[in-house]
Amino acid sequence: MSSTPSSEAGSHLPEPSAPLAEYRARLHAWLDAQHEALAPRYEPPGTLDDHVAQMQRVKSLLHEGGWMQYGWPERVGGRGGSPMLRTELGAALAARDLADPGLFSLVEVLAPSLIDFASPELAAQAVPRLLSGEELWCQGFSEPDSGSDLASLRCRATPRGGDPATAREWVIRGQKVWTSLAQYSQRCVLLTRTGSAESRHRGITAFFVDMDTPGVTVRPIEMINGEQEFAEVFFDDAVVPADRMLGSPGGGWAVAMSILPYERSSCFWQRIAFLYGRLQRLVEVAPDDERAAETVGQAYLELFALRARSRATQHRLAATGTIGAETSIDKVLVATTEQTVFDAVRRLLPGTVELDDGAAGERWRNEYLYSRAATIYGGTGEVQRNIIARRLLGLGDEA
Amino acid sequence: MIEAEERAQMSEAVRGALAGAVANGDDVDATLAKLDWLEMLRDEPDDAIGIVFGALGRTNAAATALDDVLAAALGHEPRPDLAVLLPPFAAWAAPGRVAGGELRAEGLATARAAGAHEWWVVCETDAGPRATLVPAAAAEIRRVDGVDPGGGLHSVRIQADAPDLVPADWTAALGRGRRAVAHQIEGGCRTLLELARSHTLEREQFGGPIARFQAVRHKLAEALVATEALEAALDAARQDPGPETAALAKAVAGRSQRTVARHAQQVLAGIGFTIEHALHRYLKRTMALEGLLGSADAIALDVGRRLLAERRVPTLIEL
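Chains as they are written, first to last, in my numbering: chain A, 1 to 399; chain B, 1001 to 1319.
Be aware that a few hints might be false.
[Claimed, not checked] Residues from chain A shown here face chain B by an in silico Cβ test under 8 angstroms; the list is partial:
{"#": "1", "residue": "MET84"}
{"#": "2", "residue": "TRP269"}
{"#": "3", "residue": "TYR276"}
{"#": "4", "residue": "GLU284"}
{"#": "5", "residue": "GLU294"}
{"#": "6", "residue": "GLN298"}
{"#": "7", "residue": "ARG307"}
{"#": "8", "residue": "ARG311"}
{"#": "9", "residue": "ARG385"}
{"#": "10", "residue": "ALA389"}
{"#": "11", "residue": "GLY396"}
[Said to hold, decoys possible] Coverage of chain B stretches by chain A, computed from C-beta distances (three or more under 8 angstroms per stretch; other residues unrestricted):
{"#": "12", "segment": "1197-1203"}
{"#": "13", "segment": "1208-1216"}
{"#": "14", "segment": "1220-1228"}
{"#": "15", "segment": "1233-1241"}
{"#": "16", "segment": "1246-1257"}
{"#": "17", "segment": "1303-1311"}
[Claimed, not checked] Negatives, chain B to chain A, calculated, CB over 10 angstroms:
{"#": "18", "residue": "GLU1039"}
{"#": "19", "residue": "ASP1047"}
{"#": "20", "residue": "GLY1152"}
{"#": "21", "residue": "ALA1162"}
{"#": "22", "residue": "LEU1165"}
Simulated from the structure, these hints should not be mistaken for laboratory data.
Think of the CB as a built atom: it goes at the ideal place given N, C-alpha and C, for glycine as much as any other residue.
Build the full structure now, drawing on both the sequences and the hints.
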């Protein structure tokens, strides 16, 4: 595991403390120079297998080049610097169509769980494997009966011997669902129930589980767009060592909540870069008429406001170290804007999403159908509006 | 640029002064003069515009400060007897035309129209935008009551002989003016939302405040999302000033205004449909402002045409 980039790779690398604009310029210069090496190897539009392989190959090249390490702490093999450096990297890849932003930005919601809650040894050992593309990880949060109401989760972890303080192993039994890339993953950041059934968020404990542990079974689920991006994961008395616990017994809710700032900042910025890229593609092929101008113009307005909002959020996070309920506004904006962009595609390229079996049509169809989930995953639009009403508008309790 | 904390304090002070002027029926322009508006505009134009126009929107105070913003952006010393001709409703092209040595212009103006001694009129010419100073006598003005009689808008027709034309940066003036109007709309949206919010907490039906109902809560949530999106767009237009960001901020203002007005009016229901509640004043003011220096739909169409013509989608702002 390289914890620092090799010296031959280092000459073109900016200091982690360099101004963001300088980092961005150097990064893009490097990406230009490496264009051939980074370009996808598959025939478009490619399968999920292709996209995952491409992402891991790109991560590996970025890691060798020293770029993947920016914005991560040195104690897990990073180069340090602001997390915004990671955001720039992910956005650059999305804008250049080098890696699927939804898949690539999973790093943002996985690595921090280890960095903040694993033992220093475990974090130092595990995180570089994720960053270098050697491994993929997944996030086992949702369950069949725990979607929006995550605190009701029931996948049970029991200390072997009965005493959580002295147990050397925990036994896991239960089921997860909507686990993205589970079938490709070597590890899982898993939330389990360790308190009473009614303990809600107080009785949850997080573990870092090897996916090849006996008793772990993955069943991919085919999505509406034909891909198998997520899966059900079954735990039938899977045994996990106690030193794989993230945080303390009963401290799993904090692990789940700690990723929110990254999900709502860096991941969104990458998504926004992707949406600009797709609107760019649309204006390249759309008819040049009034209806198209109106549709494209309205989508562009929404994208601008979203990008402005997201930028302010990232700078607030960088300045204060924290962001909270106000990011439900970012979530509503990113979800509705994604749907606006792909609604525009359907409107301006009639028959493409519905009938085109060519590579471009398949991609638009896939993305259009995926965009319908934007108001569902990561907290539904309704849950976000509930949070806005209660926390930001102070409207008190619901009837 | 003024620090965020100081800006917040100044916003509060200006808002308080304008609210007082509205309550007492004082002249709002005189109140702004006492707050050293023109000095603020000269020293820190971006902050001055945000603070003053945001406060005008919040309090529904009617002023003629837009003339000062445009005059200053055109490179002329603003003064209370100097008006600047605005384009017609929903449009933004320079309002004047010159043919055969004669100037003809049609457009809108603030309440300053009534007392102005001179007008700056920007004309579209083959050589680019040119401005000319015409005497008040050349302007035929008519007060427009329309949807918002308190807003002070006038319709103006100007005809003058052989104008003395000087180069004019209409693009810069338009950008500044658009941001000013968008800030005013943002202030109006904030008050519309607050009026709706407090109503839902006070109004009781079915045994409790109507704010308990998710259908009502989600409308207010939508209104807040729209208002925050507008504020973000305005912040971006201040941090990355340019004709594009100003145009987009103005267009976002129009979109947000529609969303906020629709939801606020719906939850205010019967009382909001009367003039006994304050809603109507903010609703009508923001409706009129939506058309100043380009409406949301017209700007979106224009922007979309350009994206399609160039086949390029610029991101405009970076992290």
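Right, here's what the structure says about each hint:
1. MET84: Constraint on MET84 of chain A satisfied, holds at 6 angstroms.
2. TRP269: holds, 7 angstroms
3. TYR276: holds, 5 angstroms
4. GLU284: Status holds, d = 5 angstroms.
5. GLU294: holds, 5 angstroms
6. GLN298: Given a least distance of 5 angstroms, the restraint on GLN298 of chain A holds.
7. ARG307: holds, 6 angstroms
8. ARG311: Holds: closest Cβ of chain B sits about 6 angstroms from ARG311 of chain A, inside 8 angstroms.
9. ARG385: Since chain B brings a Cβ to about 4 angstroms from ARG385 of chain A, closer than 8 angstroms, the hint holds.
10. ALA389: Nearest chain B Cβ about 4 angstroms off; hint holds.
11. GLY396: holds, 6 angstroms
12. 1197-1203: holds (count 3)
13. 1208-1216: Since three or more residues must qualify, the claim that chain A covers the segment 1208-1216 of chain B holds, with 6 doing so at under 8 angstroms.
14. 1220-1228: holds (count 6)
15. 1233-1241: holds (count 3)
16. 1246-1257: It holds, with 4 qualifying residues against the three required.
17. 1303-1311: holds (count 7)
18. GLU1039: holds, 29 angstroms
19. ASP1047: holds, 17 angstroms
20. GLY1152: With a cut-off of 10 angstroms, GLY1152 of chain B remains clear of chain A, as the shortest Cβ separation is near 29 angstroms.
21. ALA1162: holds, 39 angstroms
22. LEU1165: Holds, since 33 angstroms exceeds 10 angstroms.
Checked against the numbered hints above, the structure violates none of them.
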